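Chemist: Given next are the chains, with one letter for each unit.
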Amino acid sequence: MIHKTVASVSEALNGLSDGMTLMLGGFGLCGIPENCIAQMVKTGVKDITCISNNAGVDDFGLGLLLQQRQIKKMISSYVGENDEFERQMLSGELQVDLIPQGTLAERCKAAQSGIPAFYTPAGYGTEVGEGKESREFNGKMHLLEHAFKADFAFVKAWKGDSTGNLIFKGTARNFNACMAGAAKITVAEVEELVPVGSLDPNDIHVPGIFVQRIFQGKTYEKRIEQRTVRPRN
Amino acid sequence: MIHKTVASVSEALNGLSDGMTLMLGGFGLCGIPENCIAQMVKTGVKDITCISNNAGVDDFGLGLLLQQRQIKKMISSYVGENDEFERQMLSGELQVDLIPQGTLAERCKAAQSGIPAFYTPAGYGTEVGEGKESREFNGKMHLLEHAFKADFAFVKAWKGDSTGNLIFKGTARNFNACMAGAAKITVAEVEELVPVGSLDPNDIHVPGIFVQRIFQGKTYEKRIEQRTVRPRN
Amino acid sequence: MLDKNGIAKRIAQEVKNGYYVNLGIGIPTLVANHVRSDIELEFQSENGVLGMGPFPFEGEEDPDIINAGKQTITTLPGASFFDSSTSFSMIRGQHVDLTILGAMEVAENGDIANWKIPGRMVKGMGGAMDLVASAENIIVAMMHTNKKGESKLLKRCSLPLTGVGCVKRIATNLAFLEVTDHGFKLLERAPGVSVEEIKKATEGTLIIEEPIPEMNI
Amino acid sequence: MLDKNGIAKRIAQEVKNGYYVNLGIGIPTLVANHVRSDIELEFQSENGVLGMGPFPFEGEEDPDIINAGKQTITTLPGASFFDSSTSFSMIRGQHVDLTILGAMEVAENGDIANWKIPGRMVKGMGGAMDLVASAENIIVAMMHTNKKGESKLLKRCSLPLTGVGCVKRIATNLAFLEVTDHGFKLLERAPGVSVEEIKKATEGTLIIEEPIPEMNI
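Here the protein sequences line up with chains A, B, C and D, keeping their order.
Position one of the first sequence corresponds to residue 503 (my numbering), numbered consecutively onward.
Position one of the second sequence corresponds to residue 503 (my numbering), numbered consecutively onward.
Position one of the third sequence corresponds to residue 18 (my numbering), numbered consecutively onward.
Position one of the fourth sequence corresponds to residue 18 (my numbering), numbered consecutively onward.
Please keep in mind that the hints were generated in silico from the structure rather than gathered at the bench.
Since the model is a prediction, treat every value here as computed from it, not as a measurement.
Incorrect hints may appear among the rest.
Unchecked claim - Calculated cross-link-like contacts (lysine-lysine; reagent style BS3-like; alpha-carbon spacing at most 27 angstroms):
hint, chain 1, residue 1, chain 2, residue 2
1, B, K720, B, K661
2, B, K642, B, K544
3, B, K544, B, K720
4, A, K686, A, K642
5, A, K574, C, K33
6, A, K642, B, K724
7, D, K26, B, K642
8, B, K661, A, K661
9, A, K634, C, K140
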């Protein structure tokens, strides 16, 4: 068994430096690596490129890094919930690469899997396809898309063990499972670090081989973006 | 909820006909769809192309179909455990396409995922790469490989429910999880058909959307190929 | 004329037994409320859930269980959770049978634009480009005209495209239409709406084979 | 001269702390028995298991828990099961740190052949082609010569290749060698084996920088 537990979030982010490319799990605010983001705000690391489906909201998630102008470039599929983001983008302070969500997921998965490139129909005939190789398969046009390259992946899981095995809860799995193992160093923060051997080997969502460092996060706010409910009768 | 339970293996194989291309899960004899194979022997369907990592042994698994000369072509990565297979292959009765195991898995996965083609380094510079497009990525040569096309996928799971959700046990997951959803019709046979709602949504290995028909298998022999044990002290 | 719920109600009639359905944000979300109860179906949300149920009761919201609109949801028996890559395997692999989404513009050749107004609004395409590039069966739910009264059913889209030649049917507050090789074919009028009104509100080629029945909703 | 266990023992010295290791069938399987107990490592088997343990006690064999050699196995705490596609994500994605496999032939440029003897033996490549095309760190475990006494360390492979220019080190019954740009570099002699014997048994270019130490196993 290989032990990967680190003592603190600061140790987990060891080696993170200005100008790096990072993957960050989460969909909206669901399943985001809250502790890693907070630590990045604290360290003031800057000029980073973030591969993340969304950009947080103004005062939470990646929005915290945007406020501090720590992000140079965002690679995302949907950024609609963040006014500061829109302002920085329209003013040109922030570079933005918007790509289809499935392509985003698969480019992570490809990086994880040693697949340098693949074809997908998403975006053909649109701005997304401009300047990209295209090719017909089965009578339909496809774009050639490449695996991402990233220095760190920050993912957040529900439970994990010291050898890096991860289990997610509900839809908090999202990009976290695709990004684990897709960067040079994958850091997993978990709500609960459980003893090795207590997770059923059949139930592991991300095998530990995809994770280099793991720690138990301090607190999780888990903010809800759209609290929708129905009446009790 | 969409119900997919069929009453019998014979109903599950409805539409299967001569000359079709099939995917069959399993690694060696571990996790093979025993009931579907037995039914194919019974119906005598012939000239089939099998996409399966292995070819069974002489008197079990796909070996049963080889005995009856029902297989026209095998697409596999390793066929070393089957003398009848070797005989038919060397005599030219059986067409054989041997491909790297990871490429086999990924071509299934690609079919499941609507990825028509991808690049892999496996097999470059070998017989496997002959006649295939190759291309350099990151200073390394890769082959272009295509998604499989199959009429039926026969997969075997440990537990499943009527909406097609599947859970595997141990290494019996293997190709079963990659082949589900990779053919026009996916048939799942399970050791235990459990009530809908009794499986934890977090623990599903194959979501039901990838399965069209499901039934509980009658008996499972689960033959062991290499019984290796250690002394008790 | 239909309100948003009316549009959703009309689209709900297109949902067939055994369908896996992906609903976009806005009017499409309302479709779930109007599908006949004897229809077996499941809703897929691209953030990683199959078998979505209604919103939770107050106090039962779980921040870890949301839909693609970031709304708190529940799941039904038989549900499953999965990662984003698997989710788009379902979508790109054409395992999702029906996609219902909103649009800013639809062209008579089936092009759709719904993700960007250059210089003004850039929210991103989310999963829409994957959905429209993959789905065989795409229904657009939208108002027939925009806030300025301009038609959203056009000869050619003026906004950046989300997908090309992909829309199959359109349900608006005025009509139910099919995209054909020769333009928008008018299939049904909304209750109380005349063919003339639909003509006036449609910039693209409109194919009318009288009589045009009124919707039965 | 080493027996098969001796070869495995020598290779076990190459296993470093924190390594994920994939072991091929035959001699490589024996390596697991000889790794120093203070080394943290995990064994990956391409049929879908990480954290493999020893063979089960008699009566505890589970047909659903096997390794890539189809042998019944056990798992250790921290183990995980996964599908074949995920397994090769680990391999192709270079998450597996060390691959140890057998060979029929190795060439001085690092080419390896181990899956086919045309017209005579065709078992298939299994996962070997993925492993050798992807792994940064490949050690071959084999006898120095074949049953006819012919060298298996060649100028060029004569059999169909499994991979090109990929082998890094070789452990045989006679020697431990490194593949360099200029040929096989002799690093160590097996106990009691002379440089002369190794020379005679090696067809490919052999680089000898005397003195060649004897293995310490």
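Chemist: All the hints need checking, so say for each whether the structure fits it.
Modeler: Verification of the hints:
1. B:K720 x B:K661: 14 angstroms, holds
2. B:K642 x B:K544: Violated, at about 48 angstroms.
3. B:K544 x B:K720: 15 angstroms, holds
4. A:K686 x A:K642: At roughly 35 angstroms apart (the allowed maximum being 27 angstroms), K642 of chain A and K686 of chain A break the hint.
5. A:K574 x C:K33: 47 angstroms, violated
6. A:K642 x B:K724: With a Cα-Cα distance of about 43 angstroms, the restraint between K642 of chain A and K724 of chain B is violated, given a limit of 27 angstroms.
7. D:K26 x B:K642: With a Cα-Cα distance of about 33 angstroms, the restraint between K26 of chain D and K642 of chain B is violated, given a limit of 27 angstroms.
8. B:K661 x A:K661: 24 angstroms, holds
9. A:K634 x C:K140: 22 angstroms, holds
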